[in-house]
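Chemist: Residue-level listing of the chains:
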Amino acid sequence: MALAIAYGVRGDRMLPNRLLVSAYVARHLRLWALLRVGLSGMFFLAGTDPLRVPPLTVGAIVALCAVVNVVELHVRHERALLGNLGVDPFVVSMLVTLPSLAGELLLRTIGAPRG
Amino acid sequence: MNALLRVESVAKSYAGRRVLSSASLRAVPGELRVLFGRNGIGKSTLLQIAAGRVAPDAGTVHFGSHAYLAARLPTLAAAGLFYLPDADLLSSAFTVRHQLTLFQRQFSGGDVDAAAERLGIGARLDQRPDTLSGGERRRAELAAVLVRRPTCLLADEPYRGLAPHDAEVLTGVLRALATEGAAVLVTGHEVPTLLDAADHVTWCTSGTTYELGAPAIAVQHAAFRREYLGPWWTPRAI
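Protein chains in written order, with this note's numbering: chain A, 28 to 142; chain B, 385 to 622.
Don't take every hint at face value.
To be verified - Ranges of calculated distance between the beta carbons of each label pair, as one might list FRET restraints:
(1) A:91 x B:472: 25 to 31 Å
(2) A:102 x B:552: 47 to 53 Å
(3) A:137 x B:514: 21 to 27 Å
(4) A:52 x B:544: 30 to 36 Å
(5) B:504 x A:138: 52 to 58 Å
Claimed, not checked - If you want the footprint, here are the derived chain B segments under chain A, 3+ residues with CB under 8 Å:
(6) 449-460
(7) 468-476
To be verified - Derived, one-sided and incomplete: chain A residues facing chain B with beta-carbon distance under 10 Å:
(8) 81
(9) 106
(10) 118
(11) 119
It is worth saying that the hints were derived from the structure and are not from the lab.
Every residue gets a Cβ at the ideal spot worked out from N, C-alpha and C, and that includes glycine.
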């Protein structure tokens with residue numbers, strides 16, 4: 028029997044089904060929206076347009092959302108669930124990052140015409 | 385029959401304390417195997433290494449025709465493995481039905497309602513797992529196993545905290561999976577129940593493992609009786 032030594036990273040990555048993606052994207056968008064509302068209040072009080080924050084701040088918001096999402100995954104013990112569903116850490120990292128990134132890009136697009 | 389899952393000569397230390405020095409494990413299609421061992425001896429660590437949840441310091445995990453130096457649960461799960469942790473497989477964020485449907489869609493699995501009815505949680509499908517009792521949660525997790533239809537099931541202390549009726553249901557499901565050709569491996573301390581259900585006994589002690597064979601033979605093993613079963617244990621018809 029020919030054995031292939033694999034180091035945990037293999038080409039046959041399993042993609043999550045649409046139901047799983049929509050469930051996690053919806054949850055993470057909700058969380059991003061909540062965080063963004065809170066942060067926008069702080070920006071507003073600091074005299075900054077919440078729709079026109081600097082790119083570095085956008086990066087920090089996305090990173091903060093990703094961290095909160097990862098903490099939620101741990102708190103809800105979802106790593107075993109996602110692992111059993113064949114969802115690998117790369118896909119999980121996309122699921123926790125992309126919704127807030129998309130939200131921030133949308134806000135920047137909305138804020139751009141305001142000059 | 386050839387083993388579907390083979391864990392060979394794995395070692396693992398935590399903070400300088402060696403838990404496993406050279407432990408091995410096999411899961412064979414059509415068999416229900418049980419891994420016994422005293423508390424803190426490394427059973428769960430060994431099972432987590434087998435499932436790709438913990439990386440061993442040395443040794444390999446073979447699943448099917450592949451050998452992994454650093455196996456990962458998602459890779460093994462995609463190949464047919466299901467790991468049932470000792471608690472909380474299902475998330476409190478989604479309903480039981482939602483999570484069973486995730487398994488069904490991801491793996492073209494079995495019928496969600498049929499699995500739930502078989503385990504007596506049909507009326508609980510639209511509840512979240514954190515609103516269920518411990519026994520109901522365990523049965524919901526077993527329903528996920530039935531929907532997934534794995535080729536190999538690793539279950540860490542699945543009987544813990546279960547009422548006798550739920551334990552009987554669990555045994556029925558584990559035996560049915562093995563009869564259908566799955567390789568089933570469980571840990572636990574429910575000696576009479578597990579000896580009745582199992583086809584094969586593995587004993588984990590002092591950082592290594594011993595294949596003791598069929599339960600009737602295993603209970604005759606002097607060291608196993610002395611160090612694990614205890615002096616009170618009297619063999620009975622198995």
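Chemist: Next, verify each hint and record whether it holds.
Modeler: A quick look at each hint next to the structure:
1. A:91 x B:472: 25 to 31 Å: 26 Å, holds
2. A:102 x B:552: 47 to 53 Å: 33 Å, violated
3. A:137 x B:514: 21 to 27 Å: 37 Å, violated
4. A:52 x B:544: 30 to 36 Å: The hinted range 30 to 36 Å holds for residue 52 of chain A and residue 544 of chain B, with Cβ atoms some 35 Å apart.
5. B:504 x A:138: 52 to 58 Å: Roughly 54 Å apart at Cβ, these two residues keep to the hinted range, so it holds.
6. 449-460: holds (count 11)
7. 468-476: That given contact holds, which follows from 7 residues of the segment 468-476 of chain B lying within Cβ reach (below 8 Å) of chain A.
8. 81: 33 Å, violated
9. 106: 8 Å, holds
10. 118: Hint holds; residue 118 of chain A Cβ to chain B Cβ min 8 Å, cut 10 Å.
11. 119: It holds, given that the least Cβ distance between residue 119 of chain A and chain B is near 9 Å, below 10 Å.
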